[in-house]
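Colleague: Each chain, written out:
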Amino acid sequence: MSNAPAPLDNMDLAMPTPWQQSWSLAKRHIGLQTGALIVLVALIWAVFAPWIAPADPYAQDLANRLAPAVWQDGGSWAHVLGTDGFGRDVFSRLIWGTQVTMIVGFGAAVISGIVGSTLGMLGGYLGGRVDAAVIFLINVKLAMPGVLIALSLVSIFGGSLLSITIILSLLFWDRFAVVTRTATQQVRTREFIAAAECSGASRGWILFREILPNIANQIIVIGSLEMGIAILIEAALSFLGLGIQPPTPSWGILVSEARDTMFFKPHLIVAPGLAICILVVGINLLGDGIRDITEPQGRN
Amino acid sequence: MWRYFVKRLGIAVLVVFTVSVISFGLLRLSGDLAQNLAGEGATQAQVQDIRVLYGLDRPLPVQYVDWAGRAITGDLGRSLFTNDPVFHLIAARMPVTAVLALGSLLLAICVALPLGVFAAVYRNSWIDRAALGMAVFGSAVPSFWFALILIYVFGVQLRWLPISGSTTWWHFVLPMVTLSTMVMPQIMRLTRGGMIEALDADYVKMAWAKGLNPGVVFFKHALRNALLPVVALAAVSLGFLLGGSVIVESVFSLNGIGSLAYESIKRADFPVVQSILFVLSFIYVLLTLLSDLINARIDPRIRLH
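Top to bottom, those sequences are chains A and B. Residue numbering for the first sequence follows the working numbering, beginning at 1 and increasing consecutively. Residue numbering for the second sequence follows the working numbering, beginning at 1 and increasing consecutively.
Just chain A, same shape as in the assembly (with noise of 0.2 Å):
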């Protein structure tokens, strides 16, 4: 910043487009921009996992197992984290479990929240009885405990990534639900509603083009939250054997399989652990900053 008046130009007599102070926020927002960089850096692994991981993830060496990491004595770039008890690649299995990951995270909070948000606006829009069963789906939905049943679904329908996906995501679209309901009811009664519904608009157009668009963030931050939820779980599940099936690489799988060598090889269940902890944090960071970013009221 320049002590000297800056020049007016047009662009600071015209009001900021919404996208324009989006932006502006996003630089001053570093909570944002280290979520992004996480969320980006997974994506990336997730995406060229073939291409960025050192060694086969699934190739057994049993003349080299439980190879030291590179810091420690013995150890060497080809392993950067060591192997595991089977001779793999512990760096090359992170990465690949990266996809695992960000798959079921991303199916699972977008499966929820399409079902979850439909009913929201469902029940927010409509009132009434169809309010009243909307309320009461997610009564029954947050009596049922969640990791037992997510547990017996698995051991019904195996541990697909597929099934693991549409299973978790049976857990979470009740905060959508809630979440969506609360907002419809507010954006229900603005004047743009009632111009859409004077001139004849039907009730999808309404709900899809007008209410949609209104409360969309709110459905970002949850999906946010959700993702996380939804990964953390996954881990567990695949901890407990009834997610994930081994050999595929899942960094609930990681855990479990260096459970044994724990005593000894601590790093081996640090580093998966730790990969989880971020990238929910990552997440995290992201769904809140796009919030704080895209808050209506933030504009004025």
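Watch out, some of these pointers could steer you wrong.
Some chain B residues near chain A, calculated using beta-carbon distances under 7 Å [unchecked claim]: (1) F17; (2) T18; (3) V136.
Hints were generated in silico from the structure; no laboratory data involved. Note that this is a predicted model, so its numbers are computed, not measured. Note that the Cβ used here is the ideal one computed from N, Cα and C, for glycine as well.
Starting from the known structure of chain A, fit chain B onto it as the hints suggest.
Modeller: Coordinates of chain B only, in the frame set by chain A:
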């Protein structure tokens, strides 16, 4: 008050009924139970005998009514594997989980409540940042991994605490610490948010204007109002902890409801799984009902609504 109570009770009964139907139906999705029970080498006639013996040949609604009718009297059927009455199995495992969940909740409240209050009172200070940082970390750390790290540090390296079993109170320390991190961030955030809102409210400004001392303003005027949602959250959290203890129980080898559920799920012991799901939901509904009533007693606005 009575109208509110009756309405609330009616909904609770309907929720319990729906949950029982779902948990009953869920376990029937798992394929042909008679086939599973008979084992792989069984002949068609043997499978049919088992089907008749367990009443699995009847239509599903009849089976449900039969099960529900007996469940109301406390008869939850028998385990398919040990043949013990399910009610006894659950009753035998409940104390460990109850102690674990209650202790974790208490621990979480003892840490989160003061922290939330201080964070709100000294907003944007280092204590506020530390509290928020802890909440961010607490809601991102996988509990099974945190449990293993605690075992490694306090059980193996420092040798301060036992790491598995439930013979003494010391055995519960690490499991409780692990489990409490699952609810601590929420309680902290809710207390902080509620306190901030209350401190900005007119009645608190009024209290300041009257020249009351800060202790009275913070604890008598602000905290009391901030606590209302925390009571509801505490009830919900307790229900969540009872069902969510499966991970912690498995890591610390505690014989509670969670590990019973886990074992039963793994061997497809459906009467036990179904009953645990039902009992936990029932407890949850009871707890939320109780917290609603408590809040209605504290806050007249709710019962007039």
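Colleague: Now tell me if each hint is right for this structure.
Modeller: Against the structure, the hints:
no.	hint	in the structure
1	F17	violated, 10 Å
2	T18	holds, 5 Å
3	V136	holds, 6 Å
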